[in-house]
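Asks: Next come the chains, spelled out residue by residue.
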Amino acid sequence: MTGRDQGSEIRDQETEGMKQLLREALPPLGRDREPDRDLWPAMLQRMDEQSSRAAASVPWFDWALAGGLVAFVSIAPRTIPVILYYL
Amino acid sequence: MAGTLVPTMVLPLLLLAFIVLRLGMQITFPIERGLVFPMALVPALWGLWNVLWEWSRERTHLPVGLHGAFLPLLMLPAGASIATHAGVLVLAATSVTWFNAITVPYALIALFLAVAMTAYYLVWKYVVGFANRVLGIA
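Residue numbers (this note's numbering), protein chains in the order written: chain A, 1 to 87; chain B, 1001 to 1138.
One or more of the hints may lead you astray.
As the list claims (entries may be wrong) - A partial selection of chain B residues facing chain A, derived with a Cβ cut-off under 8 Å:
{"hint": "1", "residue": "Trp1055"}
{"hint": "2", "residue": "Arg1057"}
{"hint": "3", "residue": "Trp1098"}
{"hint": "4", "residue": "Ala1119"}
{"hint": "5", "residue": "Phe1130"}
{"hint": "6", "residue": "Ile1137"}
Stated by the list, open to error - FRET-style restraints, in silico, Cβ to Cβ:
{"hint": "7", "chain 1": "B", "residue 1": "Tyr1106", "chain 2": "A", "residue 2": "Asp38", "range": "22 to 32 Å"}
{"hint": "8", "chain 1": "A", "residue 1": "Arg53", "chain 2": "B", "residue 2": "Glu1054", "range": "16 to 26 Å"}
{"hint": "9", "chain 1": "A", "residue 1": "Leu39", "chain 2": "B", "residue 2": "Leu1011", "range": "58 to 68 Å"}
{"hint": "10", "chain 1": "B", "residue 1": "Met1039", "chain 2": "A", "residue 2": "Leu44", "range": "23 to 33 Å"}
Hints were generated in silico from the structure; no laboratory data involved. Just so it is clear, CB atoms sit at the ideal spot from N, CA and C, and this is done for glycine as well.
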């Protein structure tokens, strides 16, 4: 057996050892890899509930602040890239 | 994740602006040097700021909008420092110049800070707060 073959065999053993260690460290996924029901409709319902609640309770000063922002951007549109830089 | 939502939504706009300016309009100014801040650091800072709010809110009772409004106080100097080193912001005697095109006198920087804090207050209150509630964080 040449030195190159021996090196290759040692690397294979190390790889196998690493695979074995990873298998032991990570928990098995089990048979049911997906949730038993579609979660997206529940998420949509939650988003609808939150958005209807939020739209009904916007105080007047928040509208005033938003108006002030729109006015500032209208007066100085060159600042839009700088604002986007910070978002 | 809720904290990083807004910067992640703004990223495609920035990339679109970059493509239009650099490739479409053939602007020679090296805009890409300035992209490291909005593309890498801003989302991370927003996410960390949201984590900080979640961690501290039981003690501070600070609404998420007010908490977010304080973020520009940290980001403005950080962004300006990075932009100066990247060459997209030039500090002159009486004004600063962004992207070789937008000159802002120092006197107006306080106004700009107020505008940034207002924008952040609204975005954090209504967008980040909404995402936090939907995800069950708040």
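Asks: It remains to establish, for every hint, whether it holds in the given structure.
Replies: Each hint, compared with the structure:
no., hint, result
1, Trp1055, "violated (22 Å)"
2, Arg1057, "violated (18 Å)"
3, Trp1098, "holds (5 Å)"
4, Ala1119, "holds (6 Å)"
5, Phe1130, "holds (6 Å)"
6, Ile1137, "violated (12 Å)"
7, B:Tyr1106 / A:Asp38: 22 to 32 Å, "violated (56 Å)"
8, A:Arg53 / B:Glu1054: 16 to 26 Å, "holds (20 Å)"
9, A:Leu39 / B:Leu1011: 58 to 68 Å, "violated (26 Å)"
10, B:Met1039 / A:Leu44: 23 to 33 Å, "holds (30 Å)"
In summary, the numbered hints that this structure violates are 1, 2, 6, 7 and 9.
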